[in-house]
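> The residues making up each chain are set out below.
There are 2 protein chains.
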Amino acid sequence: MSEVRVHNLSISLDGFATGEGQALEAPFGHAGERLHEWLVGTRFFHAEDNLSGGTQGADNGFAVQHNPGIGAEIMGAGKFGPPGWQDDPDWKGWWGPNPPFHTPTFILTHRPRPSIEMEGGTTYHFLDATPAEAVAQAREAAAGADVRIGGGPTVVRDFLAEGLIDYMHVAQVPILLGRGVRLWDGLESLEQTYTIEPVSTPTGITHLTFTAKR
Amino acid sequence: MSEVRVHNLSISLDGFATGEGQALEAPFGHAGERLHEWLVGTRFFHAEDNLSGGTQGADNGFAVQHNPGIGAEIMGAGKFGPPGWQDDPDWKGWWGPNPPFHTPTFILTHRPRPSIEMEGGTTYHFLDATPAEAVAQAREAAAGADVRIGGGPTVVRDFLAEGLIDYMHVAQVPILLGRGVRLWDGLESLEQTYTIEPVSTPTGITHLTFTAKR
Ligand SMILES: NC(=O)c1ccc[n+]([C@@H]2O[C@H](COP(=O)([O-])OP(=O)(O)OC[C@H]3O[C@@H](n4cnc5c(N)ncnc54)[C@H](OP(=O)(O)O)[C@@H]3O)[C@@H](O)[C@H]2O)c1
Ligand SMILES: NC(=O)c1ccc[n+]([C@@H]2O[C@H](COP(=O)([O-])OP(=O)(O)OC[C@H]3O[C@@H](n4cnc5c(N)ncnc54)[C@H](OP(=O)(O)O)[C@@H]3O)[C@@H](O)[C@H]2O)c1
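Same order as they appear, the protein sequences are chains A and B.
Numbering that gives the first Met the number 0 puts the first residue of the first sequence at 0, with every later residue one more than the last.
Numbering that gives the first Met the number 0 puts the first residue of the second sequence at 0, with every later residue one more than the last.
It does not matter which identical chain is used: a pair holds within one copy or between any two.
When the alpha-carbon atoms are kept at most 20 Å apart in a straight line, the in silico SDA-like pairs for lysine to any residue are as follows: (1) Lys212 - Pro173; (2) Lys212 - Thr202; (3) Lys91 - Gly80; (4) Lys91 - Pro26; (5) Lys91 - Gly120; (6) Lys212 - His6; (7) Lys212 - Gly162; (8) Lys212 - Glu187.
No lab work stands behind these hints, which were simulated from the structure alone.
Keep in mind it's a predicted model, so treat the numbers as computed, not measured.
One chain only, chain A, in its complex shape (with noise of 0.2 Å):
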């Protein structure tokens, strides 16, 4: 059966996968750029903003593994857009006419839209379902590829906390954020269903990998 990834989720080391005081202007909040200048390094990000250059070390390693084989995304309504965005007929997400995910990309919100049909072969659909009934349509639209769970990090907790997920790769960035939205409340003993690898690279990251146990 295909698989359920997260990929290159990014947390403090409180925690954290979002700061405080998400905007427009400032989609991490107080967090900023800061948890993801190790992924905006690397090569993987360059070639996704068709630029060459960027790093090819390890951290390179996990990034690029965020798109093989994936055939939908699912996220969540805090990723689509800034707090309020449901209001707003004309929003379509943060990333302009052609968006990264060139797969179908299921939005969970309580308030659906009809679906959008972007450039580049994304196409966001708007649902409001339990994480179950999300992948079961993910899995239908991705034609036998893997599930992607895009985050944030409420969504991400909601999926594992179902055992949703077989694989997840965190990026653990040294710094405190002190306050923003928890990727590990109420998780107690992931590790008994999850095989846990962490490796730290130069750079300062602690990468770690959860594997289901079967």
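Using the hints, position chain B with the ligands against chain A.
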């Protein structure tokens, strides 16, 4: 000037340095021994118990730094005994007649009692004082040697927040405790005053060293 150091402070991935439900039969609450398994296996820990053997890899390389150069320890009331030990006039700590400190050892408590001289060079002093006052007093007792802040998390957090710690070694264990006492609360932007270096070892521990920037 002598340094103020933290060693072998073990936390879960979600940041807890002790579990919920601390009691006489459960010094770490529901965490049990899980936070310290990495340490118990080392040659350092075996030697502390007058045993031979134990691992000599990177974990031991961190563990052995605990004692050299230390002339006094400061700990919190929560480390010294289970909740309510203050009501037991005979309580003399968890560690028996010859405790592993072998130096003056200051216990921060709002209910101080007279000092207790133990075997092997440990004397327990009970102190109701600010963190800065406690460091000054421990420094004097250490006679030029370093002062160790022995925990628990509440005390370490308070001393970090006051900028009193020069070096800290934290061992992050790949388990999720879900509840207990967090180390990181209220320490936003700690990376601005410390150089933070993570190193993962083959046992799955990520050792984080914090060195004060000058
Ligand atoms: N660190 C990283 O690598 C990373 C990755 C992705 C995103 N982010 C950041 O994380 C933040 C967003 O994360 P977040 O935790 O605040 O929010 P989120 O996980 O993106 O979305 C949560 C919201 O999605 C909707 N939702 C979730 N499950 C649903 C369900 N089953 N049915 C219907 N609606 C559902 C709800 O919104 P409504 O009730 O409003 O509909 C819920 O409040 C943003 O700042 C984003 O930039 C960080
Ligand atoms: N993970 C590790 O490596 C590690 C290391 C050490 C300990 N531990 C565990 O951590 C737990 C204890 O930690 P904790 O955070 O609960 O407590 P703690 O930090 O040991 O002690 C906090 C208590 O000390 C007293 N105190 C602190 N500062 C004071 C001051 N300035 N003046 C007077 N009294 C002061 C107060 O107690 P009163 O108000 O009651 O007097 C306060 O509640 C235990 O379970 C222990 O086994 C874990």
